[in-house]
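Keeping their order, the protein sequence lines are chains L and P.
For the first sequence, my numbering assigns the number 1 to the initial residue and increments by one for each residue that follows.
For the second sequence, my numbering assigns the number 1 to the initial residue and increments by one for each residue that follows.
In case anyone wonders, no lab produced these hints; they're calculated from the structure.
Idealized CB from N, CA, C, for every residue including glycine.
Keep in mind that the hints are not guaranteed to be accurate.
Stated by the list, open to error - Derived Cβ-Cβ restraints for the label pairs, each shown as a range:
| id | chain 1 | residue 1 | chain 2 | residue 2 | range |
| --- | --- | --- | --- | --- | --- |
| 1 | L | I203 | P | P443 | 19 to 27 Å |
| 2 | L | N205 | P | L425 | 45 to 53 Å |
| 3 | L | Q40 | P | A440 | 32 to 40 Å |
| 4 | P | V136 | L | S8 | 20 to 28 Å |
| 5 | P | V532 | L | S8 | 44 to 52 Å |
| 6 | P | L36 | L | Q246 | 29 to 37 Å |
| 7 | L | M190 | P | G503 | 25 to 33 Å |
| 8 | L | Q246 | P | I410 | 26 to 34 Å |
| 9 | L | T80 | P | G196 | 30 to 38 Å |
Here's the letter readout for the chains.
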Amino acid sequence: MSDQPLFSPRNPWFSASVGVTAAIAVLAAIAGLIWLPLAQPDLKLSGIWDAICSAAGVPRVSSQGNAIQSDFKTSNVVMTSEMLTKPNQVSIGRGATLAQRCAICHGPQGVSDANSPNLAGQYAAVTYKELNDFKTGARVNVVMSPFAATMSNQDMLDVAAYYSYLPRVPSGNLDPKLAAPQIVTTGAPMRNIAPCGSCHGDIDNKAGSPWLGGQSAVYIKAQLQAFAAGTRRNDISQQMRNIARQMTAEEIDQVARYYEAQP
Amino acid sequence: MLINKRLISAHFWLAFIVFGVALVLGAWQMFVRSPLNAWHFNPEFYYRSVTAHGSAMGYVFPTLVAMGFGYAITESALEKPLVGRRWAWAGFFLVAVGAVVAMIPVSVGLASVLYTFYPPMIGNPFYYIGVVMVVVGSWIWVALMSINMAIWKRENPDKPVPLAMFANVAGSYLWGWTAVGAALEIIFQILPVALGLKSTIDAGLARVFFSWTLHAIVYFWLMPTYIAYYTIFPRAIGGRLYSDAMARISFILFVVVAMPIGVHHLFADPQVGAGFKFMHSVFTGLVALPTLLTVFTICASAEIASRLRGGRGAFGWVRALPWQNPIMLATALSLVMLGFGGAGGLINMSYQLDASVHNTQWITGHFHLIFGGAIVIMYFAIAYDLWPHLTGRALESFGLMRAQLWLWFIGMIVTTFPWHYVGILGMPRRMAFYDYANPAISPQAFSVAMSAVGGFILLISGVLFLIVLVRGQWAASSEAGAYRFSVPLHMPARIPAAMNSFGLWLALMIGLTVVNYGYPIAQLMVLKETNVPAVYVGASR
């Protein structure tokens, strides 16, 4: 059709189409690989080449030096769902002896009316984690901290195994007919609160979450308030602090009474 | 002049049978996951059905329509018999057998991986082999379209390639190149794992390869629709095409920029750098250009037809259009759906706006509105227009056709608008079950029920469509004459070589692919740490 060869810079169709396409590609590359990354101060880029590498997706070793150090002790227990689920008899026996000194508050059978936690039937991993956190200072309590300070790792494992071996005993306020509050069954999605039951039983149990049935309402309420106020902070990744801060005082009362009435 | 009518009819009939089956599955899926259905089925059946629906509607149905329509265009626009008739039949049988080979493992639950494959999920190898057969069958068509155009150009060195053929070949080249991404993914990544030769797969790389195919495949589906806009619509309403050059430029733009943009499907994926995501976003924005050109040209062509019929005034001419004509109606309804779908598409391609709709039902609503709505309604129009020429019998049920087209439009709007809405509310896609009793989800129940109703309206419309075609097979014989395409307002006597050939545009398409995909693919291929264990679907648990 046309006399001029198509693939020639003198053909206006060739020069215009290749030129425009290349110009758009180059401009898009400059904007996407250089300008936009440099416009983001959070990326902390050292220069143009760094910006290009970052925007092109070159794998980079993240700098460890800038990690923010916490100004308080955090829990050093690594929870897994298999943890301490296979107790041995020797450990339980040793734990029974060691638990004599716990009985004054937690009761000879792991249950008491002193508004301290009922430990009978509690998951071993939970009891172990709390003892360990008291020992390291991640959780602080005037009564418990001195007790835990002198316990060895084996002592804590044994006491935890013993209490998980004891049968659960319902509290004096047992009322299985009490309807579950909404926060327990469905949570509050708009406030980013998962249902309590999705970790603490009822719906599912997640590693490290204590069994709450039959716990003292006073104790549950005090702990939720401590999480909300930030005076208790041994929960991993602020799981409970984030929830407790979003809960209303009424909801805290409701869940405390509800869990106390459960078996 | 249609010579190989049996070949063309076979493609269209198989396409519409597959469409009918997949439509039933689609309506069932809408129903079972809506609050209209009590929860009493195995969710595995839902994923089986989604895989079958997606594979049939995404790979088999539009491919067969494009192939059949392509053969019809070759013979009627070039006015000579198709070269390579035996190869064309071979391609048809590859697609047909491939569809069956793929659907057997899906229907027995061995390949519920959805039509986008989703590695590291791995299904039965025969599912992938079937899909490859479909693609290879369609590549035969790609080659035949190219060969037929080349032969015609050699025989007619001084004439421009007819617009319909030019556009048809543009569509075939686009498909030929864009299918390469998924083919690489299946052949080099998925099949070795599915056959048990490897047990790990680079899921990120696989998704990048699939994005190469996944976006431009939509433009391949769109091609028959745009060809119908430009070359059937103006003739069918008694007008002329406003501009032949504008049409060619639109199709050329599709060839060049429709393909290297797929990474906008991976905005939420970590394996591609943000800079490349931005570049793909820019080119995705450019694809709006040929669509805007098309909408302008088609509206101008409609205005020409209307003024020829006596239409007056700035807007009064709209009323004078032949609204009784099914092609007029289908095109208008298609453009409305294209408008809404296109606006949604601009939201999806924006990096920030996408974040709020990514992987929600908004996306499912979007592609059903564009593909199921704007595109498929023109497939109906193509069938209505072409049928009398294939069967030698007139289609006379115009009332039924209009009812069918209206029902399809209404059904698609009722289905997809609530679908978009629940997506904004945060409803995720690809899930068999939603607990509507949950207070966080219950506000979505009404909208989901509404879109299920839309699904049934679409099913009724689909049944009506098949009734019209079947009635056409038994109507009285009547000679429909030669099949012709629209004549442009000004017939170009000479056009530049660039607008009459594809070499330059294919070079730009491949060049842009290298620029936009080269580094992300090369990097993932080099990194060995990106492999993950395969998850075999349908294996005994």
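Checklist entry - Which numbered hints turn out to be false for this structure? => result Of the numbered hints, 2, 4, 7 and 8 do not hold.
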